[in-house]
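As you go down the protein sequences, you meet chains A and B in turn. If you're matching positions, the first sequence starts at 1049 in this note's numbering and goes up one per residue. If you're matching positions, the second sequence starts at 7 in this note's numbering and goes up one per residue.
Mixed in with the good hints, there may be bad ones.
To be verified - Facing chain B, according to a computed beta carbon distance under 8 Å, are these residues of chain A, among others:
no. : residue
1   : VAL1270
2   : GLY1288
3   : ALA1292
Simulated from the structure, these hints should not be mistaken for lab results. A quick note: this is a predicted structure, and the numbers were derived from the prediction, not measured. The C-beta atom is built at its ideal place from N, Cα and C for all residues, glycine as well.
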Amino acid sequence: MRTATRVLALCALLLGACKQSSPEQKQPAQTASGGAAAPSGNEILIGATLPLTGGEARIGGFYKEGYELAFEEANQAGGISVGGKKMPVRLTLLDDTSAQATAASLADRLINSDKVSFLLGTYATNLVEAQSVVAEQNNIPYVNGGGAATAIYKRGYKWVFGLLAPVELLAESIMKWVDAEQQGGHLPKPATIALLWENTSHGKDFRKGVTEWADKTKTYKVLVDESFELGGKDFSALLGQVKAAKADLFLADAHLPDYITMQRQYVTAGLCNKVLSYGARGSEKQAAEALGKKNVEYVLSAVWWSPLLADKNPEAKKFVDLFKAKHQNRVPEWYQALGYETARALFRAIEQAGSLDRNAVKEKLAALKMTSILPGGELTFPAEFGQQSHAPFVVQQNMPDGSSPIVAPQDSATAKGIAPNPNCGK
Amino acid sequence: MERFAELVIASVLLAGLYATMAYGLGLIYGVLRIVNLNHGGMIMAGAYAAWWLHAALGLDPYLSLALVSVVAFFVGIFTYRLLVRRLPRGAAGGVQSLLLLFGVWLILRNAAYLIFTGNDHTLRTSYSTLAVGIGSALVSVNRIAVFGVAILILVFLHLLLTRTYMGKAIRAVAQNPDSCTLVGIPVERIYGLTFGLGTALASAAGLLGSTLFPFNPTFGGAELLKSFVVVVLGGLGSVAGTAIAALILAVVEVFAILVIPAYLTAAVGFVLLVVVLVVRPGGLFGQRVLG
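One chain only, chain A, in its complex shape:
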């Protein structure tokens, strides 16, 4: 019986290893637009991987839509102008199955086997973190719209460029709105915070943003400061701490599945805080469908882009119109917008370089200053931030009618935010 027990225990350990690596065992899906042949010399080959299966599959699919739209738009215009000659662009897109190791190994394959000239990045900080190492080692321009953690850009890399502004800035954007509400007398001063963050670079940056703001302003006190494992199932004990703390603000940083699980348990446990936020998550349609519209009311989120920017930004309007025309009037979310803009930034740098020389394109990316669909209307990759964009965030709040208007910054706002949460005490 002891032997049997040991066999079963060994299985548990093996399965633990499989749990980490199983996505790698799936065949990467070849979803290249136009196939993956050797470069003909008349076209520009660009490689990318996205999580088209696995935990991030849904969002990976959104980024794919953004990439494809940008490539179609460029090719419909006859291609990219390189040294006065129009060259079509071709995307070789592989499925990294939401796994870090696969993302890195497929990037290597794209560079050394498929011989792509440039790389577009995958989605999610942990995957970009692993994949960007390969790009840097191979001296190939790597533009990504899926990695936000500052850790990616603090390594002194020269070939890596990021469109997602840092998560610290995201947290700061939320805190600025909260601050304005506090100044307006809608929230107590000092206000108390229950802070939960996923145990990833993303979560750590979020925590840093909130705690540094609290330290700087001295008008907040963090009562709960806890991290949780990505993909968690049971948050009841953690939410028990939040409940016991009776904090004014509940600020969490979570990916979409964790947001849905945690918010369901939050509502069930009868929690209600004056301000409720899950960082970048909150306004997703899937969450409203999974939880019910009522249960996501007044959730505050800060995102890198919103379709509402189309009202004030002509570039954003052009993108929204193109996307809607292609996708039966479906409104894009920030994921598609970032995918689209990532590809466009690379195209612009290639045009400005006037050649396919990697070094020349890298230099142009480093000096890039282009009119953008992003908030603020301009995209740059500042060297002082490790070539990570610092475009501002837009803060949104879910309203009872199901809309999520922009409530900050003031120049982009389409509605006034509401604090404290009117549902508390009902």
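On the provided structure of chain A, position chain B as indicated by the hints.
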């Protein structure tokens, strides 16, 4: 005190979920001496079955529990007859059974990718966020229901194994299959029925899990891991031991938050597993023969 009571309630309810996930794995190992790696696949299949029945036919997941379990029972018997019975018995079939059933799991998972894509699915009912007050704590109705089902399954298994001919035959086969053949017990048939029963329990666990969490084709992997821990802790082949081990694991995980960072609480179970294997290699409750 209020916080303590809330943690106790959270532990008990979590234990219900863990026990439901582990019963099927423990039963199959206890009788067939096979580690059913496809347990995770059937947990995932149960979740999708509940979601599909709810989305397509509007069937409440708790009402579809019996239907899903019966279908999974026959799927289990079919899997046994088609694949598992061809394996050598005992230790000789150990590695082969692991590979075979892991392969079946991979097929199921990839079939789910093809049919349902990799997107997360959520099963939402009118009572998904409904809660009732127990003392000062508000407790999810779904969680209580899952706990209730876990108790019902425990009672059902106990009665089945101790009061019915089939159950007694299962226990006898678990003890000594060769002697059973001599006294006329249809061992192969009992193996098939046990595999079917274990598979049905796995799909029931998946169905219950789908009422609590979003899921995608990778669902079942982490649940299988927890099931292993529970089954080893409880002692192989012990149904009551499985239930108690589930409670111990849940209590340790939930109360660990008081002393260690929350993100480490999931690892506490594995530390417990190592400690038990060192101190009591036969599990906390030693060997039982299914009862």
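Each hint tested on the structure:
Violation of the interface hint for VAL1270 of chain A is found here, the shortest Cβ-Cβ separation to chain B being roughly 15 Å, above the 8 Å cut-off. With a cut of 8 Å, the hint placing GLY1288 of chain A at the interface with chain B holds, because the nearest CB-to-CB distance is about 5 Å. Below 8 Å, beta-carbon pairs count as interface contacts, and ALA1292 of chain A has one with chain B at about 5 Å; its hint therefore holds.
Checked against the numbered hints above, the structure breaks only hint 1 and satisfies the rest.
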